[in-house]
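S.K.: Each chain, written out:
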Amino acid sequence: MSDDDDLILSDLNDDELVDQMKDDLYDGMKEEIEEAVRILLERNWTPYDILTKSLVAGMQIVGDDFRDGILFVPEVLLAANAMKGGMAILKPLLVETGAPKMGKMVIGTVKGDIHDIGKNLVAMMMEGAGFEIVDLGINNPAEDYIGALQSEDAQILGMSALLTTTMPYMKVVIDQLTEMGKRDDYIVLVGGAPLNAEFGKAIGADAYCDDAAIAVQTAKELMARKHNVAG
Amino acid sequence: MSDALSKLLATRDWLMADGATGTTLFNMGLQSGDAPEFWNVDEIAKITALYKGAVDAGSDIFLTNTFGGNASRLKLHDAQNRVRELNRAGAEIGREVADKAGRPVIVAGSVGPTGDIMAPMGTLTHELAVEMFHEQAEGLKEGGADVLWVETISAPEEFKAAAEAFRLADMPWCGTMSFDTAGRSMMGVTSAELANMVEKIPNGPLAYGANCGVGSSDLLRTVLGFSGQGHARPIIAKGNAGIPKYHEGHIHYDGTPELMADYACMARDSGATIIGGCCGTTPEHLSAMREALETRPRGEKPTLDEIAAKLGGFSSESDGTDNKGPSARGRTGRRR
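The listed protein sequences derive, respectively, from chains H and W.
Numbers 1 to 231, taken from the UniProt record's numbering, label the letters of the first sequence in order.
Numbers 1 to 336, taken from the UniProt record's numbering, label the letters of the second sequence in order.
Looking at chain H on its own, in the form it has when it is part of the complex (with noise of 0.2 Å):
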């Protein structure tokens, strides 16, 4: 540790930067991700290659360990934050440069719901492997979801619920996106720790997502779905 301040970002060629800039993720380290991308950018790589090689990269790693069990919520919304700091320099310069789009999530806990940490990871973690995050906050109606999903052009709702008497409402919202003809236009994912496979299943739900590091997995796989079906 007490050669921290020795490394400097800017010796390091291209691979040595990204590998480092996994590890000051893993460790949530704001100030270092927010220099070593100013320098990537420097070196002229496309802020689209800096988002995917290094910072989704190093979040799946986060991810990873996540699910197994070897980090947990403390050290994740450390690495979220370390992420967001190289987030908002880039995208801006995303934008500008048309860089390829993962697809668009709006996400909120159910009516009645407040306990947005999970919620709150799963925007993080979505939004580290390149998506883009609608956060509704907490206690969503059925309406706000439905009018957010279509007033943003999203393809994916997330819906988070951690408690007994608040998981039901998730089915109110689908039967209603139902009785609109409005169900298969979107991908549904659930989460909340007290739902299962089967729970999502029941209500109609595309997917329960277990953690995080899973609603991430298996977003990018329903949307590639949805691409072939489309294409």
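Each hint can be trusted.
Quick look at which bits of chain H chain W covers, simulated, 3 or more residues with Cβ under 8 Å: (1) 16 to 23; (2) 72 to 82; (3) 115 to 122; (4) 195 to 207.
Taking lysine to aspartate or glutamate and the DMTMM-like style, the derived pairs with C-alpha atoms no more than 25 Å apart in a straight line are: (5) W/LYS141 with W/ASP42; (6) H/LYS171 with W/GLU248; (7) W/LYS324 with H/ASP23; (8) W/LYS100 with W/GLU291; (9) W/LYS245 with H/GLU198; (10) H/LYS171 with W/ASP34.
Residues of chain H clear of chain W, computed beta-carbon distances all greater than 10 Å: (11) GLU96; (12) ILE146; (13) ILE214; (14) GLU221.
Calculated directly from the structure, the hints in this document are not laboratory data.
Note that CB positions come from ideal geometry on N, CA and C, so glycine has one too.
For chain H, the structure is supplied; the task is to place chain W on it using the hints.
M.R.: Same frame as chain H, now just chain W:
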């Protein structure tokens, strides 16, 4: 040791706590999204029935319907200014039920998490958390709770903030965390870490332990982790009745009364003194647990294999106390 729970603990070598509050109220008609705490004022008969269900099934301790009764959670229902009233009301109904029981029954004032992440990771400061828990504690105390009972906590900072609030309210207390993430709390706390942490709290709890989480097997592994630390403080086991299943608009837990009876005795053998259920545990489950605890002899501490054979497998290979868990990945960068 003048408080009612200490007295009861001095005369008995196990006590039975209650079962589910949330899932039981849901079955009584609570609508998804509504605040259960409002029923302490609006549906007194139903809350009386909830408490009485546990007492009649043999519970020595029951928790009040005040789990979400802190300002942070009641704010969602625009009731952040009703903290004291709703907690007092919830405890008052409990006091009445307990006093009519004809035997010593403890009213435990339930205090759930704020739902916020504590600083520096999140926005909730220690001072604010203490203030919120203190406000709730005073309401429960006024309503006649014998003991305060913080539960389903995942962050050590929040557990300590509750302890400080209970000291300010000058009340004895119990505390449980929820171990639902690879055998640890969501914030990564292991069973051994909680056992050692409570020993360092100046106004330590009368008892500590685990509630909710994944299934009954995981919960017993957690209890073994507590008792393995060798402290004398009584241990609480309040596990869910199996795993939630969705059935025609309702959540149903798949654990049978027989399974919970086995779980109760194994919890006692594992070192727990206060044994109850959590989500999905009905009076029917509690009756079976009580009967088993009264009639079955104590046994040896079960091994993890025996627990898995009787109650089902674990949700993760390790719970972080055995050094057998997955190890951190190797570093690729230069910074060490």
